[in-house]
Structure formats: structure tokens, C-alpha cells
Amino acid sequence: MKYVCLVYLEGEKLHAVPDRECAECSDGFRRRGLLVAAEALQPVETAATLRLRNGKVSVTDGPFAETKEQLAGFYLIEATDLNDAIQIASKIPPIREGSVEVRPVRELQP
Amino acid sequence: MDAPEPIRETVNAVYTSESRRVLATLIRVLGDFDAAEEAMHDAFRAALEQWPRDGVPANPRAWLVSTGRFKAIDARRRLSRFEALDDRDDASELGSIDPEAWTDKASVEDDRLRLIFTCCHPALAPDGQVALTLREVCGLTTEEIARTFLTPAPTMAQRIVRAKAKIRDARIPYKVPEASELPDRLDAVLRVIYLVFNEGYNASAGPAVTRHDLSSEAIRLGRLLVELLPEPEALGLLGLMLIHESRREARTSASGDLILLEEQDRSLWNRDLIAEGNGLIERSLSSHHFGPYSLQGAIAMVHADAREAAATDWDEIVRWYDVLLRRAPSPVIELNRGVAVAMRDGPGAGLAIVDAILDRGDLREYRLAHAARGDFCRRLGRTAEARVAYQRARALSHQEPERRFLDRRIAELGSSG
Chain A
841 MKYVCLVYLE GEKLHAVPDR ECAECSDGFR RRGLLVAAEA LQPVETAATL RLRNGKVSVT
901 DGPFAETKEQ LAGFYLIEAT DLNDAIQIAS KIPPIREGSV EVRPVRELQP
Chain C
-3 MDAPEPIRET VNAVYTSESR RVLATLIRVL GDFDAAEEAM HDAFRAALEQ WPRDGVPANP
57 RAWLVSTGRF KAIDARRRLS RFEALDDRDD ASELGSIDPE AWTDKASVED DRLRLIFTCC
117 HPALAPDGQV ALTLREVCGL TTEEIARTFL TPAPTMAQRI VRAKAKIRDA RIPYKVPEAS
177 ELPDRLDAVL RVIYLVFNEG YNASAGPAVT RHDLSSEAIR LGRLLVELLP EPEALGLLGL
237 MLIHESRREA RTSASGDLIL LEEQDRSLWN RDLIAEGNGL IERSLSSHHF GPYSLQGAIA
297 MVHADAREAA ATDWDEIVRW YDVLLRRAPS PVIELNRGVA VAMRDGPGAG LAIVDAILDR
357 GDLREYRLAH AARGDFCRRL GRTAEARVAY QRARALSHQE PERRFLDRRI AELGSSG
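Heads up: the sequence lines are chains A and C, in that order. So the first sequence is numbered by this note's numbering: it starts at 841 and just counts up by one. So the second sequence is numbered by this note's numbering: it starts at -3 and just counts up by one.
Chain C on its own, in the form it takes in the complex:
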């Protein structure tokens, strides 16, 4: 393990750039997550021993896959001295795979897609999908994932162990879904990516509004997916995330407080990210096979195009929301449409929409519904109702900057009413 420093650096650099590809291919070759992970680690350890002596191979990725595979065969042989190889593949079968198949670019990229679809398989629990994707596809450690989700590491470890056991026991195939099931399966992948992004962009708990590391992992995943499978909704989701990300600087004050979209200093918005996001969303919209992510992207684009809040084309935003509601009806989207309607037609129209949602029993535990109701009532001068709504929102919020924001709103209402 005591390799000379330059080689150690080379191996580390190869680990960073190639370990996810090597893992993805080894899972296919060995047919087992745990065996593939072991084989990959063994291959990198072998690199530390052999590369100083033999030189760095011309194709490190192929070397690592082939070495990992031999290590796995070796491990199985040794295991077979203790227990019968009941339902395991025979080691000799592993030897029959064509070495060419590991090295060509197309099959390696296919392996990365297979890995993404397997980690986001609908048979896995949603928190297991997220944990597994971050660990296997993004290469985060269990401890890093646990820290970003403010979860104890053993809890996170358990989710990963359970998800892997499920893949093994349910014999979830390691493949890219057929065209017929692709829309549903892609949807599951996009949901995981967006969940990771939102947890980073709008942290549900903790001291800060945003957790940059998770957002950037989600964007990396989004880019990878667009590179491997440029479906309209993959483009739309990446575009949506990039436009949200463009506002990061403007979204919080120096003291870490939340600044609403209409109050943000728009000169702080990252125009490069907006341009890239707009391009992706336009590509998706022109395909005519777009869905909810591209539509949310279209709405984000309208905001991004307004140089100041007062110049926002609320009519266009409401129209996009109408399309979105038809395509993907949900109380949260209805609420967001209500906010846009309030901007276009006044707070009374918004209040009618949010009250209709709450009256039928939806979103009663959703802090943003009560915060919106508080805003509409405040603007209508119904101070007492506004205070009750803000207090309800505050009680439901677990994020400190958001609570401070609501405290300010409550204080601004004064003691009247």
C-alpha cells in the first residue's frame, strides 16, 4: 500500500474519474453489487501495488475492470473451499466473457445507465433509491450522505443494505428498461434527482436554507442523464435545476436569511446558468414530448426573463400552470398556480384558491400553503387571519431561516387586529 507519491496521486485521480464506471461495469460482469464493490476496491489496491512496478496501463479503466474480475473469481474460488457454490455462477463462466465488451465506450456508458435505473428501481423504498443513487452513482460515502440528510450514519447504512438486499432477493435485472416501460422508469429516476436537488436547494431542516453539495450532486446526475439519455423530460429537469441554481446567490442574505423571488437582486442571478437552462428547456418544449419538469422549467424561464419583479409576465405563468395542472394535477401545483393568479388578479383571487384547497382537506400540514394564505390575508388587510396563518406555517417549519422569515412577517403585522 506504500506506493510512491506520484503513482498514488495518479491512482487517486483515476479513482475519482473512473471508479463509478468501473463499478457499473463490474456489476454487470459479476451480477452482484457487493461482489462488484469488493472487486473494484481490490482492483484499485492492486493498481497501487502494480502500477509503480509495471507503469500505468494505457487503458486504466479496462485494466481495473479486468483485474477486478480476476480478483472476484479468486475470491469465489477461495469461498468455494468452505461452502458449496449452490446458486452462484460458476467462476469458469465468468471467464468466458469477451474482454472487448468491457472496454468499448458504448457498453460502458450503457452500464452507467443500467446502474442509475437499478438504483432508482420502483421496487426499492424511496429513501433507499436516494441513498443508493448517491452512493453508487455519485460515489458519496455513507457518512457523507447521512450528514447531508442530517440522519445518523447507521440509519443511512441500513437503507443501503436493505436496498441492495432487495435488488438481490427480488432479482431486479441490471438493465436499461425497454421503450415501453421507459417513461415510468425514467420518471422514477427524475424524481430521485429532483428530490436530491430540492433537499439541497430548499433544505427541509437545519440551520441553512440551502445545502450546496446536494444541489450540485443533483445537477451532476442531471447532466450525466442528459448525456446518456437525452429524453425531453431529462432536458427539462436539468434546465429547471440550472435556472433554480442560477438564483442561489440572490436567495439568501449575508446573514443567511431567505429572500423571496420578488425581492431578490436580479443582478446576482447567474446568467450563464440561465442561458444553459433556457436552451435545454426550449429543446424539450420543441420536442412536443415534454412533461411536468419541462413545464416547471418553462415557468422558471418566464421568471428568469424578467429583469425586475414588476416586469414578470404573470399571465404567461398562469397559462403554463394551467397546462401543468392538466398534465400533472397536484394540490401543490394548484397552490403555486394560486400564487401566480394572486399576482395577476390580486390577493382575493389567490385566497379563494388556497382556501378551496384547504377546505377540501389538502395541504393542511403543508407550511407553504399557510404561508401563502398569510400573505394573501396580509395584503387584504385581514391582519388577525394573517397572523394565525403565519403562526401555523411557523409551527410546521423545521428550517431556521424560514422560521425567522415568518417571525419577521408576524412582527410586521404589528399588534393591531
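The following block holds chain A by itself, in its conformation from the complex:
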């Protein structure tokens, strides 16, 4: 089963965890065959949000969420079940500064 681990951090904490540590974590996951993909994201101010309405694409600045935490990065992992995924996700370094949301991937049913 694939799970995505979404890392949320407050804006001022985006660099609270050294990059080296996050890279070590991804490398460890990759070496153990757990990692499908992982990326850190630029701050939410750099985001553009698109919508297609009435045939027209509109572009707005970032997602205007009320919450202070923003999506800071993600890990797509391979795990046997939710508890296995939770165990793997608990090793993601930014967990001590923000939060990590673990969600199972939904297989599309074409």
C-alpha cells in the first residue's frame, strides 16, 4: 500500500529542521526500499492556485488558509498497513516542529 505523508509547518519554522537531516531521512527510506518520492516545498507565498470555471482558467495567489501551518513537503512511501506507515512517518524529522498527516493513496478506478 502507498501512503502519502504530508508535512505541515508554520511559516517561520520552514527551516527549523536542517535540510541535511531531512535528506538523511529520505536517503534512509530510499535505502530501505520504502520511498516512492519525497520533496520539500517552497513557502506558500510562492504558490499559484488555478481554477477552470466556464471554460476560463483563473489564477490566484497561494491558498488563503486560515491556519498558520502550511504544506511544507511530502513523502510518498510504501508500507504494509496504516500502523507501518505511522511508524515510518514518525521518523520524519519536521514532526517535532509541526505535524505529519498520513493518508492512504486511493487507487483510481477507471
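Any given hint could turn out to be false.
Said to hold, decoys possible - Derived, one-sided and incomplete: chain A residues facing chain C with beta-carbon distance under 7 Å:
# : residue
1 : R872
2 : G873
3 : E879
4 : L922
5 : N923
6 : I926
7 : Q927
Hints are computed from structural coordinates only; laboratory data are not their basis. Where is the CB? At the ideal position from N, CA and C, for every residue including glycine.
The hints should help you fit chain C onto chain A, whose structure is shown.
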């Protein structure tokens, strides 16, 4: 990870047959559930990489344990670059364990028992015991367990995380209990197994009467326990479950409705399961150290021996209930005894028993007490009381076939009374 197909199949087959044993042994070797689980997964991934190149080892289980252990040492070394190994065992200590100890059959089987007793430890919350046993001992995934208990997966995951944290924080030892504490501890294990069985056999909620997967997991657990620790009550519980299981086909109609024991087509009962169950229960009863499970098994055996409902020896059943009540007094057993008494002496005698239980405040929220009261009143022609009792039972039931059954009973009472 892209191993050739035949090797992948071999590894999958070894996973199915050996992963629980490998896990149980790794927990002992590493002294930690989470580390053991990681190590086991790492070992199976290593098998996918190495077996195509080096061939399948002669003793895959020993290979997996030893590889998992090395992976764990490696992981701890890497971890130690970031944080001090404060209260963790030093990795070098792990290296001193005698490799012979992993491979011999006796210690591996002991590990499986240790795992069962740890998962069913009385310090854990009951729902945590069940979840942990199904996941660690039976190898079900969190999502599978959640689905069978109609619980959201994150809730189930939380129970498992909490139970593991408790084992770690309370330093629950990974061992088979001493003889002096064995009866109590075994009781906790049997309770978990029977709970799983009952949830599968008599689903407390949902669209179907039975959930076969849970019953068969419970029977598998029961068999494992009998193999590892053939105590009389373990035999008795397995026998009891097998006799219940023998009636599965006869217990529901084609449309999924519940059929009572007295109305079942007994030619549908699985005679092989009955014979096996009878054998186990007789073994337990002859040991003279039997308890409530064997006694319930004895009652199930009397039913199983009756070729038709009318041939049931209700007198013998009531006598077994008397013994059972002395050994393990409980309002539910009292109620079940009342049903047997009603069959022997008539519905008036049954009604007196159920009313005595309800009057003193027991079982008022228990649907089967009201259903039994409804039955006794119906047979006594006290239609109005029967209707009230059936309606109370229906309001307390969360299982659809059971509600339909009670609706039929209420409809059969007609509009009189």
C-alpha cells in the same frame, strides 16, 4: 525490489508461512516491537534482492531472523550519529546472542507463545489486546482489522499505537507467564480469542449475522494455542468454537436471516468439525482441570449429539449449566440456563428466571434477555407482554438480520392482545 517472478512468489510464500515466527523471535532478540517489525520488513526486502542472486537459503527463517537483526544493528548505529543511545541497548550487545538460539524449533515456538501472552497482557486495554493480537499474531493489516470491526482505520491504528506504547512504557516483559500466574494470564488470552470468534460468529452490528473471516482467525488462534500450550481450557475453547462453527451453514437462510438452533436443518451441520470439537472437549473434561469454556463446550456437545431438536437432552443441559453457574457465575449464563429450564419445564419456569434477573437490575440493556422474555410470554399466550419485550429487544439490536427476525416475531403475534 524488481525480483524475478518465481523468487517473488517464494518470498511471498515464506512471508505467509514464516513472518509471524520471524517477528516473534525478532521481538525477543531486539526487545522492542517497532524495531522488530522494521527489522522483519527490512529482512524480507533483503530477501527479494539477495535470494535471486545467492539462491534461497536452506533455512529461510533463520536467515530472515539473522538478517533482520543485522539490519536493526545497522539502523541503531545510524541513529546513534544523531542522538545518544541513552537507555537503548548497545548494538554490540545484540551481537553476542547465540545464533543457535534463533533456529531451534523449541525457542521459536516459545517466542510465538511469548507474543500471544504479551499482546493479551491484562495491562492493555481490552480493545487494544484484540487489535494487537490480530495484527501481530495473525498478521492482519490495520485496515483489515478496522473493516471487520466496522471501525475507522485511524481509530484502530491508534489502539495499536497505544497498546505498543504501553508495552514499552510499562516494560511488560516478553515472556510466557510462570506456572503460578498462568491460569489468570491464559484466561486473558482465551477471552481475546473468544471475543474475536464471537464478533465473527454473532456480529454485534452490520448487515450480516456472521463475519466468517474473524471466526476463522479465532479458530486459527485457538489451534495455535492448543499446539503450543495444550491446557484443558485451551482445548475446551477450541472445541466450543469448532462446534459453533459446525452450524454456520444451518444458521442463516439463503436470504441471510437468522435461523434458531431448534429450527436448523441439522443435516447441514459439519460433522467433521463436531467430531473434532467433541474430541477436544472430552479430552478437557477428562483432565478434571476444566473451566467455563469446556463446560460451555459440554453443553454445545449435547446439542450436537441431538439429531433433531426434539431429541435434545434438556435435563443434561440444565445440569451442565448448574455446574457452569457454580464455576463462573454471570447473569448471561443464568439467562441461558433459564432458556434451557424453559425447554425442560415449560415457559413459565423460564419466565420466572428471566424476570428475577431483570428485577434485580441485571441485563436490562441486553437484547437477548428481552428476546427470551418475549418468547416465554408468547408461548404462555401473554401476547401484549410478548410484544413489549420483543420491541425492547429490537430497539437494543444493531444487527439487521436480528431486527428482521424480531419484526417477524412481532408480526406473528398479530393485532390481538
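Hints, one by one, checked against the model:
no.: 1; hint: R872; in the structure: 6 Å, holds
no.: 2; hint: G873; in the structure: 5 Å, holds
no.: 3; hint: E879; in the structure: 21 Å, violated
no.: 4; hint: L922; in the structure: 4 Å, holds
no.: 5; hint: N923; in the structure: 5 Å, holds
no.: 6; hint: I926; in the structure: 6 Å, holds
no.: 7; hint: Q927; in the structure: 6 Å, holds
The structure shown violates just one earlier hint, number 3.
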